[in-house]
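Note that the protein sequences, when read in sequence, are chains A and B.
Per this note's numbering, the first sequence starts with residue 9, numbered consecutively.
Per this note's numbering, the second sequence starts with residue 87, numbered consecutively.
Errors might be hidden in some of the hints.
Stated by the list, open to error - The calculated SDA-like cross-link candidates involving lysine to any residue, where the alpha carbons are at most 20 Å apart (straight line), are:
id: 1; chain 1: B; residue 1: Lys-389; chain 2: A; residue 2: Ser-82
id: 2; chain 1: B; residue 1: Lys-159; chain 2: A; residue 2: Pro-518
id: 3; chain 1: A; residue 1: Lys-361; chain 2: B; residue 2: Lys-231
id: 4; chain 1: A; residue 1: Lys-361; chain 2: B; residue 2: Glu-145
id: 5; chain 1: B; residue 1: Lys-159; chain 2: A; residue 2: Phe-364
id: 6; chain 1: A; residue 1: Lys-553; chain 2: B; residue 2: Lys-166
id: 7; chain 1: B; residue 1: Lys-159; chain 2: A; residue 2: Glu-437
id: 8; chain 1: A; residue 1: Lys-553; chain 2: B; residue 2: Thr-168
id: 9; chain 1: A; residue 1: Lys-433; chain 2: A; residue 2: Pro-533
id: 10; chain 1: A; residue 1: Lys-441; chain 2: B; residue 2: Arg-157
id: 11; chain 1: B; residue 1: Lys-389; chain 2: B; residue 2: Gln-418
id: 12; chain 1: B; residue 1: Lys-166; chain 2: A; residue 2: Pro-564
id: 13; chain 1: A; residue 1: Lys-441; chain 2: B; residue 2: Lys-159
id: 14; chain 1: A; residue 1: Lys-361; chain 2: B; residue 2: Lys-166
id: 15; chain 1: A; residue 1: Lys-553; chain 2: A; residue 2: Ala-565
id: 16; chain 1: B; residue 1: Lys-225; chain 2: B; residue 2: Asn-326
id: 17; chain 1: A; residue 1: Lys-361; chain 2: B; residue 2: Phe-153
id: 18; chain 1: B; residue 1: Lys-340; chain 2: B; residue 2: Ala-370
id: 19; chain 1: B; residue 1: Lys-231; chain 2: B; residue 2: Ala-317
id: 20; chain 1: A; residue 1: Lys-361; chain 2: B; residue 2: Pro-165
id: 21; chain 1: A; residue 1: Lys-33; chain 2: A; residue 2: Phe-147
id: 22; chain 1: A; residue 1: Lys-361; chain 2: B; residue 2: Phe-155
id: 23; chain 1: B; residue 1: Lys-205; chain 2: B; residue 2: Arg-248
id: 24; chain 1: A; residue 1: Lys-361; chain 2: B; residue 2: Thr-168
id: 25; chain 1: B; residue 1: Lys-389; chain 2: B; residue 2: Thr-409
id: 26; chain 1: B; residue 1: Lys-159; chain 2: A; residue 2: Asp-520
What the hints assert, rightly or not - A short, non-exhaustive set of chain B residues, derived as facing chain A with CB atoms under 8 Å:
id: 27; residue: Ala-183
id: 28; residue: Arg-275
id: 29; residue: Ser-332
Unchecked claim - Now the stretches of chain A that chain B is said to cover, found in silico as 3 or more residues with beta-carbon under 8 Å:
id: 30; segment: 45 to 59
id: 31; segment: 162 to 175
id: 32; segment: 215 to 223
id: 33; segment: 289 to 300
id: 34; segment: 331 to 342
id: 35; segment: 464 to 475
id: 36; segment: 528 to 535
In case anyone wonders, no lab produced these hints; they're calculated from the structure.
Where is the CB? At the ideal position from N, CA and C, for every residue including glycine.
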Amino acid sequence: MATITEDITTPAYDGPFRRPTETQKGIVSWLTTVDHKRIGILYGCTSLMFFLIGGSEALLIRLQLAHPNGHVLSAEQYNQIFTMHGITMIFLVVMPLGAAFFNYLIPLMIGARDVAFPRLNAFSYWTFLFGGLFIYSSFFLGGAPQCGWFCYAPLSTMGLPTTIGTLFYALGLQITGVASLVASVNFVTTIINMRAPGMSFFKMPMFVWMSLVVNFLLLFAMPVIAVALFELLFDTAFGTNFFNPAQGGDPVLWQHMFWLFGHPEVYILILPAMGIVSEVLPTFSRKPLFGYTFVAFSGVAIGFMGWGVWAHHMFAVGLGPIANSAFAISTMFIAVPTGVKIFNWLGTMWGGKLRFSTPMLFSIGFITMFTIGGLSGVTHSIVPSDYQQTDTYYIVAHFHYVLFGGAIFGLMSGIYYWYPKVTGKLLNEKLGKSHFWIMLIGFNVTFAPFHILGLQGMARRYYRYPAHEGFDFWNMVSTIGAFIIAFSILIFLINIVWTHLKEQPCGDDPWDARTIEWSIPNPTPHYNYLEIPVVHERDDWWHKKYTEDEQGNLVPALAGASEEATAHDEHAEPHMPRPSYWPLVAAAALPLFGYGVIIQWVFGAVGAVVLLVGIYGWAMEPVE
Amino acid sequence: MKPRARLVAALACLGLLAVGCAKQAPLSTLHPEGPIARTEYGLWNVVFILAVVVFVLVEGAIVFAIFRFRRRKGDDSAPKQTHGNTRLEITWTIVPAILLATLTFPTVTTIFSLARAPKGAMQIQVQAQQWWWKYTYPKQKGITKQFTNANELHIPVGRPIRLALNSADVIHSYWVPALAGKQDVVPSRTNHLNIEAPHPGTYLGTCVEFCGLSHANMRLRVIAQTPSDFAKWAAGQAQNLHMPTSALGQKGMKTFLAQQCVGCHTIRGTAAAGNVGPDLTHVASRETFAGGIFDFNTRNLRKWLTDAPAEKPGSKMPAGVATMGLSKGDIQALIAFLEGLH
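Using the sequences and the hints given, assemble the complete structure.
Dropping the structure here:
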């Protein structure tokens, strides 16, 4: 906790639950870390690994569909691969990549030394990792999920060659859901309680605002999907009839519960990127965020309205004209706060002095691509027109523009922007810019044709399509585009290695940034702030460096004002919480429960013991 | 060529390319034929044009800002600091809201009008199952005796058709883009879909809700006929089978009735009364078979009877040679029998 300042000369406790001491070096220090920055790095690296896996699955899909009647994959393999691509990108890439930013940045941006519950934070990460590995172990244990990422019942419970994949889906997402739920409690608590003195809600960086909205959404959305997943699990494993129409169950109930979670989930995926863009644009425009309160409140409005639009995923289900009309209207109007955000970003750039460094390029890429995805989203709300487009590639185009053109571009922007905060070095700009341009081109070559394919009637989730129906050409184009994207990702990876080997440290404030995390050294010291800062302004760090005269012109602040904040005294390092073994142990129990259901109850029994030990260790271990 | 002219030319080529492909796209949503599909297409046009206008304005403003407000080399001065503008905020909240509000009226009225049962509509029941469609034509005006058919829906032109859809297993979705938007087919519920074809022709359709292994192989077509052609067809479908006349055909019939075929298929007028696969009484009157993925011809029938699951993953029809133990001669005879079932 940020305020622990106990006497560090207390003799170390030596009992069975004693804590590890090494916090900086070696594998054990990573396994036992409770430092929000290291956990953030773990989240980031893990989700990038999953990104490569999910991307490889995408390439397999595109290879299969490059030609009519493709033979790269069998029908069952194709169904597994597209299902795993969706699950991976949503639950194991974009969500945890957002969590990586929450972890690393929220404490820094609010002037705290860690999150509210550091050990719980470690537990979140390990749970996420084990959940992801659990889902992927399905490939070796009877077959990966093949029900699609929304896993509609009763197909998922009884209509597939094997339902073992559905079990992995239900249990695996339950586990990663625990990670998200626990993390959301942690971040909400952290943001509400641990802001530095003076940082009122309306002085928080916009990224923290958006994080707050996302974590509230997680807090309320994860229980919904948890219930749904348990019902799906019970139907599949134990023969209950929640969704079994033959016994009076209702398959549409699953869809309602899934999308009641699933639509807030869409905002869970996109709002972190919106927060990042709201930080990057002001820095590189050298102007404050235009309409700060409107951007914040439109984020909150999206958070609330996001709960009232779920059935637009179900316009063709047959809910009746009244429900369809209501959800059409709510869907149309959720475009309003989203538009407000886009206009305010434009207002931020307007009249600025734009520097097109890589983070800025990715942020502008985000706005331009997200606008396309947003507009195609509005077309879905016109229900009669959506009767034609739903479940075609037009929808696939839409959500890739939102989640790739939107979320991934935004998150990439954040990676380039805060990379020096983590490593002390700037990623190479030349490689970064080629990464951006190639990815932008590859992205559009891949996904723009999906609009045309969808309008031409190509249905989703076809493992093959016949020749002579007008699908050949654009599918080939799209496959070429997918490999262009893959090439851009390769450049990104090369950039990381190159930067590690060749680049020089970049100093503490390489972008002339605005928010207080740039007032401390790069890379961030493990205690973050030597002294908890006192915040006076929105964009406090900027106002330490510059002041505005009455006409809105910028004048440098008194010399020395900024140095004062970075003054560093080696002798008074704050005392930070010790690492702990127990979050890792407790998290390891969860996949064992999963295997207990799927393989053998013995695994579950072992899991129960491990969980008990983990929780006892957690509770009994000393502060030191 | 000036850059702008070049851009226009490039866009025109791209447009032509798109249209050119669409011409050969029988499932295209951009070539509506029936009145319902036309109504939906009309709304699409409105929202599409609106979206394009907004797209051009917003992206244009972004591109303008990128060029106009880029930092010039050597310019380290700071821009004027603006924090917001309440009047602007209210404008760009209210204008899009009004724009969207105008869209709600045609949207909602169309939702309701499409859901209404049209007067004088022909009723046809559609049952979806993995991975084919079963149609039941109940006795009504124009149909003197109830009969069933598979995958190919015959309808009379100019008369609204009301489909009552349900599913025997998982969720499917019924879609004939040229005639109407899709309707999910949900087990335990009866959903309705109106379609209407203005002139005779064949309209392709397909299942568009992921329904398992052979989701891609669950296709369909609607064959619209003049009322008199339709009446003739319906009368033919209502009859029992045409007995085979050739010796080979008769052998095929014997084989069919002796094999497990009868457990799954119905052929009216014989002992075959199975309910798992399609009714084959008039299978040779269809253009396609096996969920509409094969043209009905000897070559395809041989492939299918030899090893159905290899052609259609997950097919409930067992492999003819490997599982049912059919000989080459059996298959030859079965083909002759099936090809006689007009």
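The hints, checked one at a time:
1. The hinted pair formed by B/Lys-389 and A/Ser-82 meets the criterion: a straight-line CA distance of about 19 Å does not exceed 20 Å.
2. Distance restraint check for B/Lys-159 and A/Pro-518: the Cα-Cα separation of roughly 18 Å lies within the 20 Å cut-off, and the hinted pair is therefore satisfied.
3. Distance restraint check for A/Lys-361 and B/Lys-231: the Cα-Cα separation of roughly 79 Å exceeds the 20 Å cut-off, and the hinted pair is therefore not satisfied.
4. As the CA atoms of A/Lys-361 and B/Glu-145 are separated by approximately 19 Å, the hinted pair is consistent with the 20 Å bound.
5. The suggested pairing of B/Lys-159 with A/Phe-364 holds, with an alpha-carbon distance near 12 Å, which does not exceed 20 Å.
6. A distance of roughly 16 Å separates the Cα atoms of A/Lys-553 and B/Lys-166; the hinted pair therefore holds under the 20 Å criterion.
7. In summary, the hint linking B/Lys-159 to A/Glu-437 is supported, as the alpha carbons are separated by about 17 Å, within the 20 Å threshold.
8. In summary, the hint linking A/Lys-553 to B/Thr-168 is supported, as the alpha carbons are separated by about 17 Å, within the 20 Å threshold.
9. Among the hinted pairs, A/Lys-433 with A/Pro-533 is consistent with the structure: their alpha-carbon atoms are about 14 Å apart, no more than 20 Å.
10. Of the supplied pair hints, the one linking A/Lys-441 and B/Arg-157 holds, its CA atoms being roughly 17 Å apart against a limit of 20 Å.
11. Of the supplied pair hints, the one linking B/Lys-389 and B/Gln-418 holds, its CA atoms being roughly 11 Å apart against a limit of 20 Å.
12. Distance restraint check for B/Lys-166 and A/Pro-564: the Cα-Cα separation of roughly 14 Å lies within the 20 Å cut-off, and the hinted pair is therefore satisfied.
13. The suggested pairing of A/Lys-441 with B/Lys-159 holds, with an alpha-carbon distance near 18 Å, which does not exceed 20 Å.
14. Among the hinted pairs, A/Lys-361 with B/Lys-166 is consistent with the structure: their alpha-carbon atoms are about 9 Å apart, no more than 20 Å.
15. Distance check on the hinted pair: A/Lys-553 and A/Ala-565 sit about 5 Å apart at the alpha-carbon level, within 20 Å; holds.
16. With a C-alpha separation of about 16 Å, the suggested pairing of B/Lys-225 with B/Asn-326 holds against the 20 Å cut-off.
17. Using a Cα cut-off of 20 Å, the hinted pair A/Lys-361 and B/Phe-153 holds, with the two alpha carbons roughly 10 Å apart.
18. Restraint check for B/Lys-340 and B/Ala-370: the C-alpha separation of about 18 Å stays at or below 20 Å, so the hint holds.
19. For the suggested pair B/Lys-231 and B/Ala-317, the alpha carbons sit about 11 Å apart, so the restraint of at most 20 Å is met.
20. The suggested pairing of A/Lys-361 with B/Pro-165 holds, with an alpha-carbon distance near 6 Å, which does not exceed 20 Å.
21. Under the criterion of a C-alpha separation no larger than 20 Å, the hint pairing A/Lys-33 with A/Phe-147 is inconsistent with the structure, at around 34 Å.
22. In summary, the hint linking A/Lys-361 to B/Phe-155 is supported, as the alpha carbons are separated by about 6 Å, within the 20 Å threshold.
23. For the proposed pair B/Lys-205 and B/Arg-248, the alpha carbon gap of about 10 Å is at most 20 Å, so the pair holds.
24. Of the supplied pair hints, the one linking A/Lys-361 and B/Thr-168 holds, its CA atoms being roughly 13 Å apart against a limit of 20 Å.
25. Taking the CA atoms of B/Lys-389 and B/Thr-409, the gap is about 14 Å. The hint holds against a cut of 20 Å.
26. Restraint check: the Cα-Cα separation between B/Lys-159 and A/Asp-520 comes to about 17 Å, which is no more than 20 Å; the hinted pair holds.
27. Nearest Cβ of chain A to the Cβ of B/Ala-183: about 5 Å, under the 8 Å cut. The hint holds.
28. Residue-level restraint check for B/Arg-275 holds (minimum Cβ-Cβ distance to chain A is 6 Å; threshold 8 Å).
29. For B/Ser-332, the interface hint is violated, since its Cβ never comes within 8 Å of a Cβ in chain A; the closest pair sits about 33 Å apart.
30. With a cut-off of 8 Å between beta carbons, the segment 45 to 59 of chain A has 0 residues touching chain B; three or more are needed, and the interface restraint is violated.
31. Only when three residues or more bring their CB closer than 8 Å to a CB of chain B does the claim for the segment 162 to 175 of chain A stand; here the count is 6, and the claim holds.
32. Counting residues of the segment 215 to 223 of chain A whose C-beta sits closer than 8 Å to any C-beta of chain B gives 0, which falls short of three, so the coverage hint is violated.
33. Note: the segment 289 to 300 of chain A has 7 residues with beta-carbon separation from chain B under 8 Å; the three-residue rule is met and the coverage holds.
34. Against chain B, the segment 331 to 342 of chain A contributes 6 residues with a C-beta closer than 8 Å to a partner C-beta. That satisfies the three-residue criterion, and the hint holds.
35. Here's how the segment 464 to 475 of chain A fares: 11 of its residues keep a CB closer than 8 Å to some CB of chain B, so the rule of at least three is met and the hint holds.
36. Restraint check on the segment 528 to 535 of chain A versus chain B: 0 residues with Cβ-Cβ distances below 8 Å, three needed, restraint violated.
Hint check: violations occur at hints 3, 21, 29, 30, 32, 36; the rest are consistent with the structure.
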